[in-house]
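S.K.: Sequence:
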Amino acid sequence: MKRREFLLAAATAAVAAPALSFSGKLFAAPANSPRFLLVFLRGGYDCNNLLVPYSSDFYYESRPTLAIAKPDPYNANSAIGLDGNWGLNPVLRDSIYPLWQKRQVAFVPFAGTDDMSRSHFETQDNIESGEPTEQRSNFRSGFMARLSGQMSAVPSIAFTDALPLSFQGSGRDIPNISLRGNTKPVYDERQAGILAGMYRDTNLASAAADGLELRQTVSKELQDEMMKANRGAPNAKSFADETQRIATMMRDQYRLGFVDVGGWDTHVNQGNVTGQLANNLSNLGKGIAAYADALGDEWNNTVVVVVSEFGRTFRENGNKGTDHGHGTVYWVLGGKVNGGRIAGQQVAVNPQSLLQNRDYPVLNNYRDVLGGLLGRMWGLSGSQLQSVFPGAHPRDLQLV
Numbered sequence: 001m002k003r004r005e006f007l008l009a010a011a012t013a014a015v016a017a018p019a020l021s022f023s024g025k026l027f028a029a030p031a032n033s034p035r036f037l038l039v040f041l042r043g044g045y046d047c048n049n050l051l052v053p054y055s056s057d058f059y060y061e062s063r064p065t066l067a068i069a070k071p072d073p074y075n076a077n078s079a080i081g082l083d084g085n086w087g088l089n090p091v092l093r094d095s096i097y098p099l100w101q102k103r104q105v106a107f108v109p110f111a112g113t114d115d116m117s118r119s120h121f122e123t124q125d126n127i128e129s130g131e132p133t134e135q136r137s138n139f140r141s142g143f144m145a146r147l148s149g150q151m152s153a154v155p156s157i158a159f160t161d162a163l164p165l166s167f168q169g170s171g172r173d174i175p176n177i178s179l180r181g182n183t184k185p186v187y188d189e190r191q192a193g194i195l196a197g198m199y200r201d202t203n204l205a206s207a208a209a210d211g212l213e214l215r216q217t218v219s220k221e222l223q224d225e226m227m228k229a230n231r232g233a234p235n236a237k238s239f240a241d242e243t244q245r246i247a248t249m250m251r252d253q254y255r256l257g258f259v260d261v262g263g264w265d266t267h268v269n270q271g272n273v274t275g276q277l278a279n280n281l282s283n284l285g286k287g288i289a290a291y292a293d294a295l296g297d298e299w300n301n302t303v304v305v306v307v308s309e310f311g312r313t314f315r316e317n318g319n320k321g322t323d324h325g326h327g328t329v330y331w332v333l334g335g336k337v338n339g340g341r342i343a344g345q346q347v348a349v350n351p352q353s354l355l356q357n358r359d360y361p362v363l364n365n366y367r368d369v370l371g372g373l374l375g376r377m378w379g380l381s382g383s384q385l386q387s388v389f390p391g392a393h394p395r396d397l398q399l400v
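Terminal number for the sequence shown in my numbering: 400, no gaps in between.
It is possible that part of the hints are untrue.
Said to hold, decoys possible - Cβ-Cβ distance ranges computed for the label pairs, FRET-style:
| hint | residue 1 | residue 2 | range |
| --- | --- | --- | --- |
| 1 | Ser119 | Asn357 | 28 to 34 Å |
| 2 | Glu122 | Gln346 | 25 to 31 Å |
| 3 | Asn319 | Pro351 | 20 to 26 Å |
| 4 | Pro351 | Asp114 | 20 to 26 Å |
| 5 | Gln398 | Gln101 | 17 to 23 Å |
| 6 | Ser387 | Ala348 | 35 to 41 Å |
| 7 | Asn269 | His393 | 36 to 42 Å |
Since the hints were made in silico from the structure, they are not lab data.
Given the structure is predicted, the values throughout are model-derived calculations rather than measurements.
C-beta: ideal position from N, C-alpha, C; glycine also.
From just these sequences and the hints, can you work out the full model?
M.R.: Structure below.
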C-alpha cells in the first residue's frame, strides 16, 4: 500500500474508532456507584437445561435424550437442587452455584418479550430497542442509550465490534471496543502522531485524538493484564479472559456496559451435561465468576443481568436439539443482589402451561422486570423509566 493510501485508510479508521468526549473520558465516577452489565446471549439459549424443572415428569417425557437427571448426591451429572422444583445444570457447580449459595444469584423464569416472531434478528432488535413490539417508532434507538441519557454522570461502554442497537440513538459519545481480537496497539507512536497531526486545527481534532488515545490506552492495559495473568502460559481465548478485562474497565471507569455472546442456537445434538450447550454454559459461568472476582469489593456495587432473545421449544426435536421458542430464564447476579431464589411470576411446568403447546409462556416481561430493577438501582422516577421503556409497567421484584 502506498504511503498516501495508508494515511487515508488510517485516518478513516481513527475517525471511526470509538470516540469519547473529554467529559466522558475524564469523568471519574465515585468508586462505590452502581454498575450494570447486560450480557446478551445471541441465538436463544435453552433455559430448560440451565434451570431444570426437575419436579416435572413432563420435562423428562419431553426430553428423552436431553433431560438432566433429578438431583442425586451420588450422581455428579445430576441437577444441583436449588429448591423443591428447580435445579441447576451441574456444569455450573464451581462457578455459578457458589454465588447462589452466597445468595448473589436470582433466576427469573418465564421471562422475555411480547414478540412472537421467533426470529433471532427481529426479537433481538425488539429487546435492544426497549419499545413495545407493536408500537416501535424509532428503529435506531436503544433502551440503554436512553438510560444513559437519563444519567449524564454514568459513563457507558459496549464491549462489542460495533455499537449495538441497545446503545444507539442517545446523541452522546458512547464508545464500543471489542476485546476478542488482537489487543496489540493499532498504531505505533509515530503513526498515531501523524494521524493526530492530520486533524490538528480542524473541527475533528478532538474526536480523532480521543479515538486514538482510547485505542492506545486500552491496548496497553490489556497487554499488561494478559501478561500478568498468563505467567508465561499461552493465552486461552475464552469468555473468562474477556470478562476479566471487562471488569478492569468497569471497576475503574465505566458504570453501564453491554457485551454479547454468540453460539446459542442449538437445533442439532444440543447435549445435556456435555456437548455444545454445556460447553457454552460452562464458559459463561466461568466468565461471570471471573468477573465477580476481578471486581473485588466493587462486586457489591454491581448487577449483571443475562438475557437472550427467546428460549427454545420445551420438547426436543428429532435431531436431538431444540428449536426457536418464546419464554426464557434471565439471570440476575451481584454482590448485593437479593438472590438464592427463583423470582417473578411462575406457573407449573406441564402441557397445559405451555404457550401454543411448545414454549414457556412469558409471564415476566423484560421491560417491566428491567424497569423495576434499574429504577431501584439508580432511583429513577416514573417519568424517567417511561423514557427508557415507553409504556412499560415496571415491576420491582426486590432483586436489589
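S.K.: Would you mind marking each hint as holding or not holding in the structure?
M.R.: Comparing the hints with the structure gives:
1. Checked against the given bound of 28 to 34 Å, the beta carbons of Ser119 and Asn357, roughly 20 Å apart, lie outside it.
2. Checked against the hint of 25 to 31 Å, the C-beta distance between Glu122 and Gln346 comes to roughly 27 Å, which is consistent with it.
3. A beta carbon spacing of about 22 Å between Asn319 and Pro351 agrees with the range 20 to 26 Å that was offered as a hint.
4. As the Cβ distance of Pro351 to Asp114 is approximately 23 Å, the hint placing it in 20 to 26 Å holds.
5. Between Gln398 and Gln101 the beta carbon distance is about 20 Å. The supplied range of 17 to 23 Å therefore holds.
6. Between Ser387 and Ala348 the CB atoms are about 37 Å apart, so this pair conforms to the stated range of 35 to 41 Å.
7. Between Asn269 and His393 the C-beta distance comes to about 40 Å, which sits within the given range of 36 to 42 Å.
Hint 1 from the earlier list is the only one contradicted by this structure; the remaining hints agree with it.
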